[in-house]
Every structure is written in C-alpha cells, then in structure tokens.
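J.: So you can see what is in the structure, the chains are spelled out below.
Protein chains: 2
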Amino acid sequence: MAVGEYPFPEMHPVAGVKLTAVSAGIKKPGRRDVVLFELAEGSQVAGVFTLNAFCAAPVTVCKKHLAAAPIRYLVINSGNANACTGEQGINDALATCESIAQLRGLKKEQVLPFSTGVIGEPLPVQKIVAVIPEALEKVTEQGWDDAAAGIMTTDTRAKGFSKQIVWQSQTITVNGIAKGAGMIKPNMATMLGYIATNAKVAQPVLQALLREAADKSFNRITIDGDTSTNDSCILIASGQVDLPEIQTAEGELYQQLRDVIIEAHIFLAKSIVADGEGATKFVAVDVSGGGDRNECLDVGYAVAHSPLIKTALFASDPNWGRIVAAIGYAGVKDLDAAKVRVHLNDVLIVENGGRAASYTEEQGQAVMSGAEITIRIDLGRGDSHETLWTTDLSYEYVRINADYRS
Amino acid sequence: MAVGEYPFPEMHPVAGVKLTAVSAGIKKPGRRDVVLFELAEGSQVAGVFTLNAFCAAPVTVCKKHLAAAPIRYLVINSGNANACTGEQGINDALATCESIAQLRGLKKEQVLPFSTGVIGEPLPVQKIVAVIPEALEKVTEQGWDDAAAGIMTTDTRAKGFSKQIVWQSQTITVNGIAKGAGMIKPNMATMLGYIATNAKVAQPVLQALLREAADKSFNRITIDGDTSTNDSCILIASGQVDLPEIQTAEGELYQQLRDVIIEAHIFLAKSIVADGEGATKFVAVDVSGGGDRNECLDVGYAVAHSPLIKTALFASDPNWGRIVAAIGYAGVKDLDAAKVRVHLNDVLIVENGGRAASYTEEQGQAVMSGAEITIRIDLGRGDSHETLWTTDLSYEYVRINADYRS
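Chains as they are written, first to last, in the numbering used here: chain H, -2 to 403; chain Z, -2 to 403.
Wrong hints could be hidden among the right ones.
Claimed, not checked - The list that follows gives simulated cross-link-like pairs (lysine-lysine, BS3-like), each with its CA atoms no further than 27 Å apart: (1) Lys124/H x Lys104/H; (2) Lys61/Z x Lys330/H; (3) Lys330/H x Lys60/Z; (4) Lys60/Z x Lys336/H.
As the list claims (entries may be wrong) - One side only, chain H facing chain Z, incomplete, derived with CB under 10 Å: (5) Thr47; (6) Glu118; (7) Lys307; (8) Gly318; (9) Ile324; (10) Asp333; (11) Val337.
Hints listed in this document are in silico derivations from the structure and should not be mistaken for laboratory results.
Cβ atoms here follow ideal geometry from the backbone N, Cα and C, with glycine treated the same way.
For reference, chain H alone in the conformation it holds in the complex (with noise of 0.2 Å):
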C-alpha cells in the first residue's frame, strides 16, 4: 500500500554525477542490488548520519572517509545493512570501497560505502566486490532511474526528485534519489537519501545547507518511531556548471539553490512517509504556539507515535479524545488544557479542554474518511511551530514487519 500520487519524475542529468545499478544477488537473484555513484574530480560532497549508538559499519567508514580525502565514489548495497557486525563489518565495508579504488587508482578514503537491509548478518562482500567492474563499466548521467530502483527494500515505489533552475544562463539541476520505507523517525531511520546538483559550492556551505534541509525534512519525519542504525543523507555538489563557486550563504544563487535543495528533501521525505509500510493515510501533525521548538516536537512526536492515534487513523475514526491525550502525556511543563486548540484539517475539534461546541461527528468523520490529514495542534502558550509527517497503523503494517525475515 502507498499513499497518494508522487509519480517518479523524468530526471535530468546532473553533469558530473554517473551512476548505475548492478545485481549481486545479494538477496534475491537477479535484483540490482548494488548501485554506484561516480562523481567528476573537484566534485563536493557533505553527509549527515543516524545517530545510533549501534551506527553501522558503513556509517563509521563514511564519516571517516568524508573527513580524509576528496570523495570520488559512492557504493551502495541493499539487501544487507552490515550493522552490528563488529570489526568484520568495518572490514568489509572498507574492502568495498578498496576494491573501487584499486580498479581507479585512488584511495579507498575517496569511496563512500552505504548498505541496507538486514541487520546483523555479515555483509556478501566478495558478491559485491565481483560487480564493481561491470558497474563502473555502465555508470552514466542517465543511471538515476535505475540507481533509485536499486536501493529500495520493503519500498513499493521509487522515489526521485528533479528540478532545474538558471542562472545567468546557466543550468543548474537539483537531482534526488531516496529509500526507505519503515522504521523511519526523527534522525532518520533506514533511510538513504542522495541528493546532487552540478552547482558549484564550498564545502562548508555544502554541509551546512544539507543539516538545514535534513533537520526540516528527513528529521521530521516518523513511521514507527524507530531510528535505523544505517540512515545517511548525501548531498554532492559537482561543480560542472560553469560558474563562480559559493562560498558563503548568502547572495541571490545561494537562496535559489538552497530554495530548490530544501524542496528536493521534503519531497523525497514526503514520498518516504506516503510509501511507508501498510500506510493507508498521510498525516501532516502541524504543532504550533509552543513556548519552543522542543514543546512542539515533544507533542509532535507524541501524536504521531501514539499506536492509539494511528489505529484510529486507519479506522477512519475521528477519536480525538485519543488525540487530545496524547498531547496531555507528551511532557509539556505546566502544559494548560484549558489554552489548547486542536483542528482536524480546518474543523476545530477541541477547545476549552474538551470538545468543541462547534464539533459534529459528521465533521470529523468527512475528514478522516481522506487519504491526507493534518491534525493542527495550537499548544496556546508561545509562538515555536513545527511540522512532522506521519502514517497511520494498520494490518498490513504488522504483516510486513512480523513476515520482513521470512
């Protein structure tokens, strides 16, 4: 099951950025299960990661590799997350990244590894060191399609993003390719974004515009409330485009590219919850007139993993009692009932601590019977707004992650 309509775009190539998808058999024959990015030199690129204590083995490579050297390649595994492997796990992603290095002349430090899947089970690295030849072979500025295919696993549909904006005459593309489908929460669950532009930018500004854009799109966005030990961001600037590099966050370009950047993420995130497993609803949780932004979230989050609330939403039900509880357990000091409003897309449902007078059934009922909701949460207290992004919790939720070994 999916929610809504995210169509994957006819994507324009990124100068600069090849990429393909190759099978391993990682898991299932003949699945292209392993993808490779090749960036031109010069190329920028920034991360951010999961902040899982339990960080996988390709997490701990990528951060480390990102600090060292000017990254060439990216390999990505789905099928298998090399997590909680210990130093084998190390081991392995690192002769990943060597195997491409070896073939192309540059350190291993220049490869970023990424995996997905399973936890716990060593990763098939000599499947996977076997097909680097043929992917760096095939890799071309037309691989996105395939490329966003092949990093999906419980994913029911692609998920891409394209957009182009010019400058000076210049063209300047914004490209994105995203999975994950649950366990998705605040940090980013198993999920793998990349995202890239042939614009030129420093590095700094590069990392700095990826956290902004994360923190308002992948950081905003829950499934199941749980946060995967593999989640990684990546955002690739490859500077084909022939204009003066950015160096600062300021100026006319940087707010375009930064404008088009952010979009890139939310869309990719938005089409992660609409496709999350057994979603049946999309569920905006709009919190706002907190004291500050962590009230808001506190609440946020409390809605919006309150298995109460999200059967409900399944059911089609408008129990806002069930709503209004949440928000009274989410941990807000001092919190006063009385100030609280809370509308279910433009319906008001409870004020006054208790329901509106207002309120019908029938109202309630016409908007939980869509497929999109926002539950508008105004705390009464300050002027902090948040947005999350959630789905509900049905059967076919508990079938997927009670089968996923099977």
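Following the hints, put chain Z in place on chain H, whose structure we already have.
T.: Same frame as chain H, but now just chain Z:
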C-alpha cells in the same frame, strides 16, 4: 487474547470494606458498570493519579477530595471516561459524589469518583445517580468479584489479588482489583487499581507506600506507550484490625505489610500486561548495568515501545538487530556499543557490538516461540537495574483499537 494463567483468586473479605457492582446501562444495557466501595469510619485512603495534562474530571475531583476530608465512598463507572469534558465534566463528577453524600449524610468531599471508557463524551450522570440507592443497599464484604468485573472495559478477564498474613494472632488481609488493557504506559494509562487492607496505617505512611508500590509496578508496564487521562490507583487501610496504628515506615509489621502490598501491585500490573490488547506474548525487559535509573528506563522503554520489536515478538522472530537498534537510539549519552550484552532469556545474542559468536538462530527461535520472554540488556556502564513489562503487537491489537468506538 491473553497470555499465561492469571486465574481470579478467592478473595478474602477485608473488614471495613464493602463493595458491589450494579447496572446503570452506560454503554451496554444490563452490564454492571457502576461499582461502589463503602469504607468503615476511620479508614485511611491514599491515591496516585495520571500525570496527563488533560487529566479527566474525576481525577481532578479525587485529588481535591482526598486532601479535604476522610473518604467513606468510592464510586467507579466504566463505559465513559468523563475526560476532556470541560467544566461540565467536573460538575457531573461532583453530582455523582453529592448523590451518595446526601443519602448518607456526608459531605461530597468524602466520596471519590472514578471513570473509565471513551474520552470526550458527556457522562450520563443521571443514569449513575439513579442506581446509587441500589448500590448502597447491596454493598457487602463479599463483593470483590463483582467489583473486579464491573470496572472492566476491553479487559478479557477480571484481575484480582488476595493474601493474608498473621501478626500477633491477628489476620491482616491485602486485597486488590485492577482494570486496564490498552493504553497502558508508565505513569499508568487507562488503568484503575484498588488495593485494600484491614491494617491500621497512618495516612502519610500509606501514601508513601503507595507511591513506592506504584513506581515498582503500574509505572513499569507499557502496552502501547499511551498514558491515559484517567489512571488512578487507590490504597485503602480500613484499620479494622486490633493492632496499634503503623505510624512510620519501620519495624517488622510494616515490612511484612509493605512486601505484600508491593506484591499485590506487581501481580495486578503483570495481570494487566498479560491481558494487554491483542497480546500473544508477555515480555519482561530487564535492563542492568545502567549509569543511573533513567538510562535503564530510557533503554527499557525504547525496546518496549518499538513497533518493530513488538511485531517481531508477535512473529516469534528472534530479530535481535531490531533490539540493538532500539538500544542504540534510546539516547544514552556516549553509549559504548561494544560493551552492551543482550540475552533472550538465558541465550546470549549480542556482545562486542554484534551477534555473539556462540549464538545460533535455533537458540533464539526456541526462546521466541514461548509465550513468556525476557529480554535482558546489560549496558555495561554502571549498577542501575530496572525491569519493565510489555507485550507484542498483533493484528488483534490493530483490530481492537481500530474498532473500539464502532
């Protein structure tokens, strides 16, 4: 569904505590949905309540009445929570108290009201008031079974505890009944508990004992992470035993009484979990080696609330990767993943940052196939130790909560 054997025990009478259940037709005609406790003069009463900011009207009234006057009656209705009902809800709860007070020549502050059921619907106060005379007439020391059944909502079985100790030829009885199936979490979700003894205990000692016992029991259970608006736990000491009053938390008699009262709380709390909505597994999450209590609880709740772990439990799948992922994102600062050890019952599954060398899938499968499972986590960084109890997440949970209002 319900896990394990928690047969309703033979309930000894507690001198000074009479109770009954009568039918007011609140939700279903004929169901006995109003329970009345009558306490002998001189009874001491202690209470702990939900921390939810949207606490229900009866909770607000209970707290006020407990502080104001000697309590003589408790009145509980199931089928309607009288929560998020604003000012009218308070008036309705008070009207219920007033009806009992008038018939018995007491102040309304001498009555404690409780409600459990659907949130946000007006309390059908006239229906309740109408059956109070019948309830007053019917109360009996033999009424425990009826009362335990009368407070149930989605519970599939009544929950009771009864035990006696002898002190200086005097028999001291500790009885308890409780309800609560879904929406159970720390700080007690839609959970009501009533524990009574004929011992003679000063109110401050009783209150401190209740806090300790609730913290070790009802505050350590979780089914779906939601904390309700109505949770209440009451401890009554009727003082009908012919012994001096216990005035401090010291001495052999206090210790013996304390042990039984804590045992009662833990037994009732575990009974609630074992009857969790749709539960097919009873799961203890035992976290040791924490730097402090909060580290243990953060890790315990991350594991106990993870839908991915709960669906794996439902599938009897020893998917230990999901367990380490949850430990990793629990937010323990500077957690050294290499020092964490995880057992399923007595089977070591994780050490040195990955799967234990000795572990086999068959061992894990054997544990997970059982109905009662302990997930033992040693954080390897201190001496703190906490245990939580929870359940799996099944299709049945989704069905119950998607259907609850229909």
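J.: All the hints need checking, so say for each whether the structure fits it.
T.: Okay, the hints, checked on the actual structure:
no.: 1; hint: Lys124/H x Lys104/H; verdict: 21 Å, holds
no.: 2; hint: Lys61/Z x Lys330/H; verdict: 21 Å, holds
no.: 3; hint: Lys330/H x Lys60/Z; verdict: 19 Å, holds
no.: 4; hint: Lys60/Z x Lys336/H; verdict: 22 Å, holds
no.: 5; hint: Thr47; verdict: 8 Å, holds
no.: 6; hint: Glu118; verdict: 8 Å, holds
no.: 7; hint: Lys307; verdict: 9 Å, holds
no.: 8; hint: Gly318; verdict: 3 Å, holds
no.: 9; hint: Ile324; verdict: 7 Å, holds
no.: 10; hint: Asp333; verdict: 8 Å, holds
no.: 11; hint: Val337; verdict: 8 Å, holds
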